[in-house]
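A.B. asks: Protein chains in written order, with the numbering used here: chain A, 1 to 311; chain B, 312 to 583.
A portion of the hints provided could be inaccurate.
As the list claims (entries may be wrong) - Derived coverage of chain B by chain A (criterion: at least 3 residues anywhere in the stretch with Cβ under 8 Å from a Cβ of chain A; other residues may be distant):
| no. | region |
| --- | --- |
| 1 | 376–390 |
| 2 | 400–406 |
| 3 | 450–457 |
| 4 | 485–492 |
| 5 | 557–565 |
Stated by the list, open to error - Restricting the straight-line Cα-Cα distance to at most 27 Å, the calculated cross-link-like pairs of lysine-lysine (DSS-like) are:
| no. | chain 1 | residue 1 | chain 2 | residue 2 |
| --- | --- | --- | --- | --- |
| 6 | B | K439 | A | K270 |
| 7 | A | K74 | A | K270 |
| 8 | B | K531 | A | K270 |
| 9 | B | K531 | B | K439 |
Just so you know, these hints were derived from the structure itself, not from any lab. All figures in this text were calculated on a predicted structure; none of them were measured in a lab. No residue lacks a Cβ here, since even glycine has one placed at the ideal position from N, Cα and C.
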Amino acid sequence: MSALSLGSASGRRVRAGRRSGVGVTRPGIVWAVPATVFFLLFALLPLVLVAVLSFTSWDGVGAPTFNGLDNWTKLLHDPVMTQSIWLTLVLTVAGVVVQTPVSILLGVWAAGHQRNRAVLSAIFFIPLLLSATAISVVWRAILDPNFGLPSQMQWLFGDGNLMGDQSGAIAVLTFVGMWQWTPMHALLYQGGARAIPQVLYQAASIDGAGKVRQFLHITLPQLRNTMITSVILMLVGGLTTFDTVLILTQGGPGTDTTNSAFYMYQQAFKSFDFGSGSAIALVLVVVATLISLAVVRLSGYDKMRSTSEGL
Amino acid sequence: MRRRPNYLAGLGSLVWLVVVGFPLYVLLISTFRTRASYSSEGPLSFPEHLTLQNYFDDFSNGFGQDFLNTLIVTVSVVAIVLLVVPPLAYAIVRARGRTISTVFRIFLLGLAIPAQAVIVPMFYVISKAGLYDQLIGVILPTAAFCLPVCTLVLTGAMRDITNELYEAMAMDGATPWRVFWQLVVPLSKGGLSSVVVFSALQAWNGFLFPLILTQSESTKVITLGLYNFQTEHGVDVPGLTSAVVLSMLPIFIVYLFARRALVQGLMGVGGK
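Just chain A, same shape as in the assembly (with noise of 0.2 Å):
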């Protein structure tokens, strides 16, 4: 009986193991659904009615009204959105212009095997741990022209008003979102840095080339997937930036630093003028995922994929 038995499982194993090939028993499209469906609606469903409502005049209550091209028409025409557009490029450039080398120095260094670097790269990376809320404040209270560093050190900062003019404000937004962007960045360069073989390093010490040279012509080209992944990062993340500007300079002084998502936040929820927010939300989206796929598409990173996963 137990023989019997046995035999028959043994049985079943082998055909099970014939059908399906590499004999696996495969989960059914099932497993995906909880977590597709709940994606879809508090994801993908809102990103769709961004683009409806922005066709409608919506106020926060009741129920949204199509107008037409009303919204567009009137962004069109609007300086102050112009103006967003245009800072919102100054400031996603000059973000990536000064996070990129500093995040790729400090990851190859994170990277190698000094003495103190664990000590070091362990208080180099606590600006991970703090909300951008509690990085805008705590810059902001140590920024204040009166109560801050800037009264203290007037040599420094001369009349301490570093937010008061366009070009200040540009600056503190840049630098605030250096000190909080670049330990993720390093992150990045430190894990593509790992991966490099050391082979290669030690070939071209054998060949005599000196640390830089090393830097340069081994480390540099082969972080070349991490540097596209931290770029696009950098990009969308610059085009979004709106904690910082909302807590540090409210988009002013005037309208000096209100880039497109302040100028979105301020249309709906202060204006309440829903219909024109979801415009700008969607150049927003759109603008975003074409440079994602631009800076894709440039690098040839689609086709380099299983190159890098080879190493």
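Take the given structure of chain A and dock chain B to it, following the hints.
C.D. replies: Frame of chain A; chain B shown alone:
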């Protein structure tokens, strides 16, 4: 091979230490000052008298309630993520067919959706659902926006499970349910802890969704509390910084004990 010390790198790391350490010093030291000492001695000097009064004041200003709200949001977000992402990642890694690769592509696309861009329709969806000014109204969108990164991290971890192990389980006639619990979950513990830490961090530090989806004291989370505090009592820097320190304390503890998981969670986007 013996390395020469790299003085340039040493100098650079020292500069960065100042850039990072200096504000952290101001942040920490000002929490032990009185308000009067902050305005008279300035933010840099070491205070003559240290005090813990600021921390007590935070709690009498309602920080406890904010803390509790944030905790509820964080635990719920992590729970939702843990409930839906592992089965999804298992399906993505193991299921065959066009549907599942479309699903995966949707989540990859989701990586590029900035939360800022959907705050207006999110406000619409949440208020129409009758969830405005409730914690659940913050929890749902926050969890949804954690899904793409968590899915990417976890599928990465699950891909490392070798085919032989699946075959061995199939030999025993295991159902997908058993494979999931006895093979996939135990072997992707590293990925799972990254996912937990990542989504907890997102929820704990989240600001945008609470800002637009809540308004009462009773539903206020910590980040919103910090923002309100600065708008209302901007001059009380010690009160503000002590609240900041309190708000990062739990994360700091996680950082000390689960640094690897935290780092891997953060690197999930590009590290793989």
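A.B. asks: Within 27 Å, alpha carbon to alpha carbon, are B:K439 and A:K270?
C.D. replies: 20 Å, holds
A.B. asks: How does the region 400–406 of chain B fare against chain A when you require at least three residues with a CB closer than 8 Å, holds or violated?
C.D. replies: holds (count 5)
A.B. asks: Sort out whether A:K270 lies within 27 Å of B:K531, counting only the CA atoms.
C.D. replies: 19 Å, holds
A.B. asks: Three residues or more, CB to CB closer than 8 Å: is that satisfied between the region 376–390 of chain B and chain A?
C.D. replies: Violated - the region 376–390 of chain B has 0 residues with a Cβ nearer than 8 Å to chain A, which falls short of three.
A.B. asks: Go check the region 450–457 of chain B versus chain A for me, would you? Three or more residues, Cβ under 8 Å, otherwise it fails.
C.D. replies: Coverage by chain A holds for the region 450–457 of chain B (5 residues, Cβ < 8 Å).
A.B. asks: Okay, the region 485–492 of chain B and chain A, do three or more residues pass the C-beta test at under 8 Å?
C.D. replies: It holds: at least three residues are needed, and the region 485–492 of chain B offers 5 whose Cβ sits within less than 8 Å of chain A.
A.B. asks: For the pair supplied as a hint, B:K531 and B:K439, is the alpha-carbon distance within the 27 Å limit?
C.D. replies: Holds: B:K531 and B:K439 sit about 21 Å apart, inside 27 Å.
A.B. asks: Compare the distance between the alpha carbons of A:K74 and A:K270 with 27 Å, and conclude whether the hinted pair is satisfied.
C.D. replies: 17 Å, holds
A.B. asks: Is the coverage entry for the region 557–565 of chain B by chain A consistent with the three-residue Cβ rule at 8 Å?
C.D. replies: holds (count 4)
Violated hint for the displayed structure: number 1, the only one.
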